[in-house]
Amino acid sequence: MPAIDYAGTTVETNDEGFLVDSSQWTPEVAEAIAQEVGLGELSDLHWKVITFCREDAAKQGTPPGLRRISKLSGVNMKELYQLFPKGPGKLAARVSGLPKPQGCI
Amino acid sequence: MKNLVILGAGTAGTTVANLLRKKLPTDWALKIIDPEPEHLFQPDLIFVPFDMQQPEKTIRPRKGTIGRGVEWIQRQVKLVEPDNKKVILDDDESVPYDILVIATGSHIRPEETEGLMGDEWFKSIFDFYTLEGAVALRDALAKFDGGRIAINTVEMPIKCPVAPLEITFLAESFFTHKGMRDAVELTYVTPLDGAFTKPIASAALGHLLDDRDIKVEAEFNAAAVDTERKVLKSWDEREVPFDLLITIPTHMGASFIEDSGLGDELAFIPTDNHTLVADGHDNIFVLGDATNLPTSKAGSVAHFQAEIVVDNILHLIKGESPKALFDGHANCFIESGYGRAMLIDFNYEQEPLPGTYPLPTVGPFPLLKESKFNHWGKLMFRYVYWHALLPGRPIPVPNQMQMLGKKLIAEGSLA
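Protein chains in written order, with the numbering used here: chain X, 160 to 264; chain L, 15 to 429.
Only chain X is shown next, with the shape it has when bound in the complex (with noise of 0.2 Å):
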């Protein structure tokens, strides 16, 4: 598993570039990703997202779903689309340092 350095921080990640473990991340590392996969710097509505992506995860124990996260966290489908293009589940779980949202296999 790459161990990658993002911003002075060093953090274990699986092949597709998920943090291995959730507790190394810190708001650092997440611009740093944000910077990776072309996020490029985060606004204040990114934030809003991530924060809500990591407390959930932490009371749940799995990223939320999209449908969870336009529900509770304020910011809705449409801008979730346009903060995290393509797959916004996906993309906002890496930046928050949590795991890829899966199926059972």
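There could be a bad hint or two in this list.
[Unchecked claim] No more than 20 Å apart at the CA atoms, straight line, and that leaves these computed lysine to any residue pairs for SDA-like:
no.: 1; chain 1: X; residue 1: Lys-245; chain 2: L; residue 2: Ala-238
no.: 2; chain 1: L; residue 1: Lys-100; chain 2: L; residue 2: Pro-49
no.: 3; chain 1: L; residue 1: Lys-173; chain 2: X; residue 2: Gln-219
no.: 4; chain 1: X; residue 1: Lys-259; chain 2: L; residue 2: Pro-213
no.: 5; chain 1: L; residue 1: Lys-247; chain 2: X; residue 2: Gln-219
no.: 6; chain 1: X; residue 1: Lys-237; chain 2: L; residue 2: Glu-279
Hints in this document: simulated from the structure, not taken from any laboratory.
Since the structure of chain X is already known, use the hints to place chain L on it.
Chain L alone, transformed into the frame defined by chain X:
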């Protein structure tokens, strides 16, 4: 007299009732509430569209599935009032409880997606999670003379997360047998980032879709169906055209859960991963598809959980804290067409691994691999279900996942 009330007489609720009826102290009454007169064997719903099972064989009268000593109240639940320890029925009658078990499952909600239930519903758009949908799809597939078929999961979580793959593989096999595979374009449309999302399963099975010329449209979150143009549209404005759409609509818990304020945004009930106690309600247990647990919504899960819930109910009656702990164990056959199937066995911590099940080397069921044995196992399971699982007779499969027979693989070593 004290009351133990079970809501829902599907796989989970019926199994709990039949296990409990011999174990509850004599000063407890056991009641189960479900409005439906028949019990549906849901694993057969994937076979009905391909005429591999007759619709009438998938159902049995509910009366015969509920053992003696259990009172069946054939009504709809309107509300649960945890503070008053009461269940309110649709005729406003109330049923008091001391311990409540919620097992009301997961239900498709096609009305959640714009256009799904419009003019084309049951004309060119079908579900297969209801018997009516599966029968309507069977009739449409029999007449289908070629064109584009899209199989779409609207959003996760769904009941039986492998069913969309199974319906796709079975459709591919169905048209090949009819000698018209070349006339059919199959597209598997998923909100996840691929048909397989776990590294070991992807490496072992990822080729199956390519080999069978099934297209995959990944990370597609369905927003609406344009029924005039017959296209499925995503939130990021991608389009998948279809002549026939097999939809796996949004799944939600029972509507009384929303009305009682017990559920999350999809009306699934926040539940302790291990004890199966509802969050914030010590005398309410939740199992089967009705929970928000991070494991599959599947019959095997309901079965393993039933034993845990029964143990914990007996602890609670004795004034003890819940001691039995669920590990997220699931065990699923996956039909892959051509008379073969795969088998997966996993829990909260361990993703599906290759190997053999339940015994090392001799199996007889190979894990994460296609085999005729697995297909026979899936068919044989019908008898196990009606005659052993549902009546609460012992089945020689432990409720905790075992590592015996599984091959450990490091993620880095995957080809």
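Status of the hints after comparison with the structure:
no.: 1; hint: Lys-245/X - Ala-238/L; verdict: 16 Å, holds
no.: 2; hint: Lys-100/L - Pro-49/L; verdict: 18 Å, holds
no.: 3; hint: Lys-173/L - Gln-219/X; verdict: 19 Å, holds
no.: 4; hint: Lys-259/X - Pro-213/L; verdict: 12 Å, holds
no.: 5; hint: Lys-247/L - Gln-219/X; verdict: 30 Å, violated
no.: 6; hint: Lys-237/X - Glu-279/L; verdict: 18 Å, holds
The structure fails hint 5 only (numbered hints given earlier).
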